[in-house]
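J.: With the sequences and hints as input, model every part of the structure.
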Amino acid sequence: MSEWKELKTLQDLAAAQAAGEEIEVRLARSVWERWAGVVWNSAMNYRSRPAKPKTKKVKLQAWFNGTDLFWKAELVGLIPSNWVRVPAEDKEIEVPE
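In this note's numbering, the protein residues as written are 136 to 232.
Derived from the structure by calculation, the hints contain no laboratory data. Predicted model, so just to flag it, every value in this text is computed and none were measured. Every residue gets a Cβ at the ideal spot worked out from N, C-alpha and C, and that includes glycine. One thing to keep in mind: the hints can contain errors.
[What the hints assert, rightly or not] DSSO-like cross-link-like pairs, simulated, lysine-lysine; straight-line CA separation at most 30 Å:
hint, residue 1, residue 2
1, K207, K191
2, K187, K140
3, K194, K226
4, K226, K192
5, K192, K207
6, K191, K140
7, K140, K207
8, K194, K140
9, K189, K226
10, K194, K143
11, K191, K226
12, K207, K194
13, K143, K189
14, K192, K140
15, K189, K207
16, K226, K207
17, K207, K187
[To be verified] Using C-beta positions, here's what the derived DEER-type ranges look like:
hint, residue 1, residue 2, range
18, A154, V221, 42 to 48 Å
19, G212, L162, 45 to 51 Å
20, Q146, G212, 49 to 55 Å
21, G155, W175, 16 to 22 Å
22, P222, R184, 24 to 30 Å
23, E141, S216, 55 to 61 Å
24, D147, V221, 50 to 56 Å
T.: The following block contains the structure:
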């Protein structure tokens with residue numbers, strides 16, 4: 136995860152927004168909230184970091200071949216007829232879109 140960078144001026148904030156960075160503003164009680172992108176207040180604290188890459192969730196089905204456990208994405212490739220499905224071992228992972 137990228138480290139947050141403090142934005143001290145309106146120019147820093149504008150540059151971060153133009154670069155597509157993730158921006159947050161600190162509200163009351165030191166709570167950080169996603170910045171709505173419409174208001175600048177010099178008395179408030181802003182921070183940014185590079186935007187996270189877009190991801191999607193993929194379900195992996197678990198299969199046992201008598202010796203080893205394998206995971207395959209749903210509907211990808213053919214499964215040998217002697218493999219046994221093991222739903223309790225299914226996984227869900229995030230991958231880049």
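J.: Now look at each hint and say whether the structure bears it out.
T.: Hints, verified against the model:
1. K207 / K191: holds (16 Å)
2. K187 / K140: holds (15 Å)
3. K194 / K226: holds (6 Å)
4. K226 / K192: holds (10 Å)
5. K192 / K207: holds (14 Å)
6. K191 / K140: holds (27 Å)
7. K140 / K207: Given that 30 Å is the threshold and the Cα spacing comes to 39 Å, the pair is violated.
8. K194 / K140: violated (35 Å)
9. K189 / K226: holds (20 Å)
10. K194 / K143: violated (42 Å)
11. K191 / K226: holds (14 Å)
12. K207 / K194: Holds, at about 8 Å.
13. K143 / K189: OK: K143 and K189 at ~28 Å, within 30 Å.
14. K192 / K140: holds (29 Å)
15. K189 / K207: holds (22 Å)
16. K226 / K207: With Cα atoms ~10 Å apart, K226 and K207 stay inside 30 Å; holds.
17. K207 / K187: This hinted pair holds, its Cα atoms lying about 26 Å apart.
18. A154 / V221: 42 to 48 Å: holds (45 Å)
19. G212 / L162: 45 to 51 Å: Holds: the Cβ-Cβ distance is about 49 Å, inside 45 to 51 Å.
20. Q146 / G212: 49 to 55 Å: holds (52 Å)
21. G155 / W175: 16 to 22 Å: holds (18 Å)
22. P222 / R184: 24 to 30 Å: About 38 Å separates the Cβ atoms of P222 and R184, which means 24 to 30 Å is violated.
23. E141 / S216: 55 to 61 Å: holds (60 Å)
24. D147 / V221: 50 to 56 Å: holds (52 Å)
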